[in-house]
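Please put together the full structure from these sequences, using the hints given.
Protein chains: 2
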Amino acid sequence: MIQPTSLLEKLQIEFDGHSYGDAPVELYEPITYIMSLGGKRFRPLLTLLAASIFDTDIKKALKPAMAVEVFHNFTLMHDDIMDRAPLRRGMPTVHEKWDANTAILSGDVMLIRAYDLLLDVAQDKLRAVLNRFNQTAAEVCEGQQLDMNFETRWDVTEEEYIGMIRLKTSVLLGFALELGGMIAGADEETTKLLYSAGENMGIGFQLKDDLLDVYGDPAKFGKQVGGDIIANKKTFLLIEALSKAEGSLKTELDHWISLETFDNAEKVAAVTGIYDALGIRTFTEHKINEYFSRGMASLQQLRTDSVQKEVLLQFVEQLVAREK
Amino acid sequence: MIQPTSLLEKLQIEFDGHSYGDAPVELYEPITYIMSLGGKRFRPLLTLLAASIFDTDIKKALKPAMAVEVFHNFTLMHDDIMDRAPLRRGMPTVHEKWDANTAILSGDVMLIRAYDLLLDVAQDKLRAVLNRFNQTAAEVCEGQQLDMNFETRWDVTEEEYIGMIRLKTSVLLGFALELGGMIAGADEETTKLLYSAGENMGIGFQLKDDLLDVYGDPAKFGKQVGGDIIANKKTFLLIEALSKAEGSLKTELDHWISLETFDNAEKVAAVTGIYDALGIRTFTEHKINEYFSRGMASLQQLRTDSVQKEVLLQFVEQLVAREK
Numbered sequence: 001m002i003q004p005t006s007l008l009e010k011l012q013i014e015f016d017g018h019s020y021g022d023a024p025v026e027l028y029e030p031i032t033y034i035m036s037l038g039g040k041r042f043r044p045l046l047t048l049l050a051a052s053i054f055d056t057d058i059k060k061a062l063k064p065a066m067a068v069e070v071f072h073n074f075t076l077m078h079d080d081i082m083d084r085a086p087l088r089r090g091m092p093t094v095h096e097k098w099d100a101n102t103a104i105l106s107g108d109v110m111l112i113r114a115y116d117l118l119l120d121v122a123q124d125k126l127r128a129v130l131n132r133f134n135q136t137a138a139e140v141c142e143g144q145q146l147d148m149n150f151e152t153r154w155d156v157t158e159e160e161y162i163g164m165i166r167l168k169t170s171v172l173l174g175f176a177l178e179l180g181g182m183i184a185g186a187d188e189e190t191t192k193l194l195y196s197a198g199e200n201m202g203i204g205f206q207l208k209d210d211l212l213d214v215y216g217d218p219a220k221f222g223k224q225v226g227g228d229i230i231a232n233k234k235t236f237l238l239i240e241a242l243s244k245a246e247g248s249l250k251t252e253l254d255h256w257i258s259l260e261t262f263d264n265a266e267k268v269a270a271v272t273g274i275y276d277a278l279g280i281r282t283f284t285e286h287k288i289n290e291y292f293s294r295g296m297a298s299l300q301q302l303r304t305d306s307v308q309k310e311v312l313l314q315f316v317e318q319l320v321a322r323e324k
Numbered sequence: 001m002i003q004p005t006s007l008l009e010k011l012q013i014e015f016d017g018h019s020y021g022d023a024p025v026e027l028y029e030p031i032t033y034i035m036s037l038g039g040k041r042f043r044p045l046l047t048l049l050a051a052s053i054f055d056t057d058i059k060k061a062l063k064p065a066m067a068v069e070v071f072h073n074f075t076l077m078h079d080d081i082m083d084r085a086p087l088r089r090g091m092p093t094v095h096e097k098w099d100a101n102t103a104i105l106s107g108d109v110m111l112i113r114a115y116d117l118l119l120d121v122a123q124d125k126l127r128a129v130l131n132r133f134n135q136t137a138a139e140v141c142e143g144q145q146l147d148m149n150f151e152t153r154w155d156v157t158e159e160e161y162i163g164m165i166r167l168k169t170s171v172l173l174g175f176a177l178e179l180g181g182m183i184a185g186a187d188e189e190t191t192k193l194l195y196s197a198g199e200n201m202g203i204g205f206q207l208k209d210d211l212l213d214v215y216g217d218p219a220k221f222g223k224q225v226g227g228d229i230i231a232n233k234k235t236f237l238l239i240e241a242l243s244k245a246e247g248s249l250k251t252e253l254d255h256w257i258s259l260e261t262f263d264n265a266e267k268v269a270a271v272t273g274i275y276d277a278l279g280i281r282t283f284t285e286h287k288i289n290e291y292f293s294r295g296m297a298s299l300q301q302l303r304t305d306s307v308q309k310e311v312l313l314q315f316v317e318q319l320v321a322r323e324k
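The listed protein sequences derive, respectively, from chains Z and D.
Take the first sequence: its position 83, counted from the start at 1, is 83 in this note's numbering, and no numbers get skipped.
Take the second sequence: its position 72, counted from the start at 1, is 72 in this note's numbering, and no numbers get skipped.
Check each hint, because a few of them may be wrong.
If several chains are the same, the list does not tell them apart, and a pair holds so long as it fits within one copy or across any two.
In silico DSBU-like links for lysine-lysine, alpha-carbon gap of 35 Å or less [stated by the list, open to error]:
| no. | residue 1 | residue 2 |
| --- | --- | --- |
| 1 | 220 | 233 |
| 2 | 125 | 59 |
| 3 | 40 | 234 |
| 4 | 220 | 309 |
| 5 | 192 | 63 |
| 6 | 10 | 125 |
| 7 | 40 | 250 |
| 8 | 287 | 234 |
| 9 | 97 | 287 |
| 10 | 40 | 10 |
| 11 | 192 | 97 |
| 12 | 97 | 233 |
| 13 | 59 | 192 |
| 14 | 234 | 192 |
| 15 | 287 | 192 |
| 16 | 63 | 125 |
| 17 | 309 | 233 |
| 18 | 97 | 125 |
| 19 | 192 | 60 |
| 20 | 267 | 59 |
Bear in mind the hints are in silico, worked out from the structure with no lab data behind them.
Quick caveat, the model's predicted, so the values are computed rather than measured.
Written out as structure tokens, the structure is:
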């Protein structure tokens with residue numbers, strides 16, 4: 001049996017020994033920097049875990065798994081410019097530590113380096129893998145564009161929101177799992193199940209992020225509880241509240257949203273109160289469970305006797321249970 | 001015999017019928033916009049001309065050739081943000097017409113779409129083509145970084161400058177030619193000659209750009225003659241002048257460079273006078289001829305009986321003779 005911790009170690013050794021390029025240093029230093037900020041690396045882990053179900057030699061999945069993580073960090077580097085984010089994992093973002101030009105150009109090279117890592121895939125699978133990666137990568141950009149579009153809209157529907165997070169977050173989790181299957185020689189029915197699992201779990205994870213921002217345990221959450229409420233961020237909870245609120249609740253919600261100056265704690269308490277009154281918490285929890293169940297069901301359906309299927313299921317269950 | 005005009009027509013039909021994506025429109029409209037601004041499309045033409053020497057069926061080179069042009073326009077979109085350029089081919093740049101975020105994200109998708117187009121290459125050549133493309137693409141980014149680094153340095157050597165323009169401009173011309181050869185099944189010796197031809201010609205083209213900015217015929221040049229002098233742009237001519245000037249010429253050159261306010265015509269006349277006194281024009285012309293000769297020599301060495309070799313040679317000679 002290959003445990004996630006063992007795969008994570010292998011992955012870390014591979015990352016530590018990997019060079020993204022040397023000169024000019026101004027171009028490559030920011031890449032080493034963002035990759036060194038860590039993160040849970042759970043996308044490449046999903047690739048390795050999926051591969052381990054169908055082929056115990058996970059070496060051939062290592063570099064493609066890294067490609068997924070490098071691509072993910074490329075999107076973070078560029079998204080942080082667009083979102084004017086000052087911090088990433090508690091450290092200055094690349095465009096803050098250096099400047100926007102650096103973050104644009106280093107990000108571009110990261111995307112190219114992700115393709116480099118994907119070229120490690122065997123000849124007979126290369127075109128199929130790249131086809132799926134290209135589609136996924138373009139969809140992630142489409143999701144980011146929709147996310148930015150939604151910032152100035154107040155009529156975003158639940159369906160539109162789910163569609164956006166599917167593109168921005170979920171398709172890459174789907175691809176991470178699918179990629180593992182493809183590399184290990186799984187058949188098409190299987191890789192489709194893997195993709196569908198990641199796609200549904202990903203939507204669940206994002207909805208859970210939205211939920212924890214409001215209802216997370218401050219001791220465990222790591223971030224400021226209510227940050228999304230303070231920033232009027234269009235989360236699943238706010239979108240539901242906007243569509244469900246009527247009468248005085250609607251007036252109250254509109255009031256808090258339109259205020260330009262306010263006491264943070266007061267706004268968080270008031271909007272949370274509105275969510276409570278509308279039953280948004282329970283509604284969101286049901287949605288999350290719905291997507292997680294769909295994802296787990298796809299994994300359960302995988303036809304294999306491999307003990308690694310259990311390892312993947314347990315790993316995903318842990319992710320589902322997380323509270324930060 | 002297949003003439004460049006006929007290849008250009010085929011290319012235009014392919015571009016006209018090509019979709020980069022539909023939704024969200026905010027993401028894809030800027031791509032259609034920048035691709036519609038035109039340009040001479042001479043990079044994809046080089047690919048098609050090189051391919052036509054070794055395989056008269058140029059259809060299989062069309063999409064890969066487009067990839068080169070889409071990649072080139074991706075670099076323009078991102079470079080224009082970094083350089084704060086207001087205009088591109090006489091029209092507003094994407095970050096001016098929309099905003100920087102749009103130019104970042106649409107550029108990212110263009111890079112992905114370039115890879116999509118490259119996937120049209122036959123299975124047995126795909127890895128080699130992508131390997132070479134990845135290297136070229138990263139080098140172009142390295143060249144842009146060096147170009148930005150040079151903006152704040154006054155001790156850039158001739159060697160460093162040539163190294164920078166090689167990366168920023170030439171390697172893509174080299175790859176454009178090499179790609180045509182690879183797709184058409186040319187052997188490695190041949191594809192190396194094609195690459196070397198593009199690499200050397202590219203350096204020649206950039207040096208000629210630098211020269212024409214100062215010594216171009218205003219009636220033919222299209223841009224303001226002396227624009228680089230006015231902006232203190234570190235061209236080949238300025239770098240040579242800075243290294244060659246002594247005594248009163250050095251004092252005079254330093255004076256004009258350090259002035260914050262000046263009469264444009266006066267500065268252009270004065271700096272041109274210094275270039276004249278230092279023999280910079282002749283020196284630069286010799287360099288240009290040196291690189292063009294090397295490039296043409298590589299093309300001459302191509303071992304083939306194909307009449308298309310002559311067509312490529314003539315096309316390149318036209319490019320060399322251009323005065324704008």
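(message) Hint compliance check: list the failing hint numbers for this structure, sorted ascending.
(response) 7, 9, 11, 17, 18, 20
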